[in-house]
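S.K.: Listed here are the chains, written in short residue letters.
Number of protein chains: 2
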Amino acid sequence: MSLFLSVVSVGKAVEVVRGIAPPLESGDVPLENALHRVLAEDIRADIDIPGFDRSTVDGYAVIATDTTGASEAIPAMLSCQGRVGMGSADAGSITPGSCCYVPTGGALPRGADAAVMIEHAEQIGDDVLVHRSVAPGENVITRGEDFRAGTVVLERGRVLSPRDIGVAAAIGADRVTVAAVPRVGIISTGNEVVPVTATPGPGEVRDANSYLAGAFVTERGCRPVYFGIVRDEREALKAAVSSALDTCDVVLVSGGSSKDERDNTAAVVADLGEVLVHGVALAPGKPTIIGTARGRPVIGLPGHPASTFVVLVAIVDHLLAAMRGTAVSRRTLSARLKQNIPSTRGREDYVRVSVRDGEAVPIFGKSGLLNTLVQSDGIVRVPASSEGLEVGEEVEVILW
Amino acid sequence: MSLFLSVVSVGKAVEVVRGIAPPLESGDVPLENALHRVLAEDIRADIDIPGFDRSTVDGYAVIATDTTGASEAIPAMLSCQGRVGMGSADAGSITPGSCCYVPTGGALPRGADAAVMIEHAEQIGDDVLVHRSVAPGENVITRGEDFRAGTVVLERGRVLSPRDIGVAAAIGADRVTVAAVPRVGIISTGNEVVPVTATPGPGEVRDANSYLAGAFVTERGCRPVYFGIVRDEREALKAAVSSALDTCDVVLVSGGSSKDERDNTAAVVADLGEVLVHGVALAPGKPTIIGTARGRPVIGLPGHPASTFVVLVAIVDHLLAAMRGTAVSRRTLSARLKQNIPSTRGREDYVRVSVRDGEAVPIFGKSGLLNTLVQSDGIVRVPASSEGLEVGEEVEVILW
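Protein chains in written order, with my numbering: chain A, 420 to 819; chain B, 420 to 819.
Check each hint, because a few of them may be wrong.
Just so you know, same-sequence chains aren't split out, so a pair can sit in one copy or run between any two.
Computed list of lysine to any residue pairs in SDA-like fashion (alpha-carbon distance at most 25 Å, straight line) [said to hold, decoys possible]:
id, residue 1, residue 2
1, K785, A554
2, K757, V814
3, K757, E815
4, K657, R562
5, K757, D776
6, K705, G504
7, K657, T711
8, K657, R713
9, K431, T745
10, K785, R551
11, K657, D447
12, K785, R529
13, K657, Y645
14, K785, P555
15, K657, G516
16, K785, R463
17, K785, H539
18, K431, Q542
19, K657, G647
20, K705, M536
21, K431, T666
22, K785, R502
23, K705, V793
24, K785, G530
25, K431, R750
26, K705, I782
27, K785, T561
28, K705, V435
No wet-lab data here; the hints were simulated from the structure.
Using the sequences plus the hints, can you model the full thing?
M.R.: Encoded structure:
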């Protein structure tokens, strides 16, 4: 097939990568290892939570109507039947006119329907003076009020946060079924690329892309597998991609910043499978290649790290999310644009910005500079339909 | 010393935890394992980046003045001296009236000071017609333009992002010096608390706090060490805390939701060291205990997970950041309040909210409910100096 397809929109490129995301296995992990994993099955409450009516305060379990009209001046007097111990299997019972001391989280005795805070009561011998009335249900959580047995509490596709892990524990999910961690093969190509440990000679640059891509996919819950630097030779690159396909779920080939090199990457993908996209209406990031081989996505990234990063954010992120069975999660911020951003209709531009006091300041420096990656706080997307954004406009900053 | 100190402000509590954060060792790790670690030393560029003048386009390296006045109608004609190969040690040289093909990222030949995009040139035999003039420096990044040798590129205290990892690779940092990962001992206490694997009997609840706290500290770059559930008995708790202090840098004791239990935790901290704070003007989260023992912080968290989480966010986060030698990093969002939030002056309130279309909707449900943790998107802080926040007010939501 032709390697010189027409340039596609970012939206189309995202649709293509979503379409080729291979389904992954899921498996059980212990809950304590499940942070940031993607739930592959709903988690339901196994029992009513809480399993019993409980007090939310330190105080006295009462029958609410016994406190009607109680005030500082005219307290209600109740007879104290004892104390509920934390975790005790039987909280006993109370009858009209009586109450029982209950600690925060303690079970209400049978018959009680509210709790009076200790600050609003006064114990004198076996009697308790209640200085404030309470309504039925006040200071109490009833059985199943938090979660009813059988309710879906955490849905499939959710990336488990610390809160979710805590809630999962409460509903008895000591093991959870999560999507597998995608293995992402990472290959750097280019005759000019040397290892990070080397001092680049004239015309050479260090392999920043492998590290950048590796850290990016790690942050998104994937496992990078590094296949090192491959010279810009068709058979060498083919062997490396083929080897990566043996063990990985997706392969990223970065580099090939010159046209010859880009064509080489596309040719290798075509040899091993099919090139679906060669060129995206995206700046920086136009030379992106999207293909499949042996049922797995192979993505060609631009050679310069700053461009590669935009492609990772704009396109690869969607692929990884689709493989994990979840939505792309982005930190965004609204800010006012401090300067015009000119753009070209028909191309999606990603402009690095720094954000100060609610204002987004475009960093226009040459896109080939790494220092803009460090100095910026995020990127602003200029849609393909726009000829630019104007100073003062409210923009959404995708935070790094 | 007294266990019944007066309640302190959240600001004071944060100051106290920062003051007792123990200094941790730092050490070297391979760059590929350094994501989200905290830099313990500045990273400087070891050499000029790039190490040579390079083209940012596929095209022709030229002497800019040779193109002055060039246009579609009247192109400049230059003699092509050949091609620069990617990574070749010598890019050769050009003289006035000549040019040389150079790929994106390729080194400029000596004498050249600009590059003409291939789209604006036409090669005919050994001659190249240039259809557009370029200024000196156009389409070129000069040696050291990105980073000068010796410049600090990434500063101590920075939490390494994927971008930072990529940039560190470019400047030769194959190993980086990072702060140690704090070891956080986690103990759950309370006679009512049963393991996640158990089905709670009457009056019992599962140990959600250990999982919640463990996941929270993991997300903040710390390693949780679980010491299980301890009954609410002074000697048992003392033994557990003491054992945690043997191997951990900080100990979190969650639980003790009732007053008796809270006093027990405080008494144990006093036995082993010193209670510095017993009670914070924070809702939920008032019963927080801050102490030290054997030079390490021991923090008593409230018994209910929803309250524990607020204390983790409002106070413990600052302790962990201080131990790692970095700033607290928060995702925040500005939103308009959809409803009034009443509050009490002198106490900092944290109210869970869900955010929809730029509006923050307070979730007032009882603070003892876990479902509000799952349903909310973050919390709004009502400062101690305020009697509440009003509908329509712009508030900062601390996103979960």
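S.K.: Which of the numbered hints are not met once you compare them with the structure shown?
M.R.: 4, 11, 15, 18, 21
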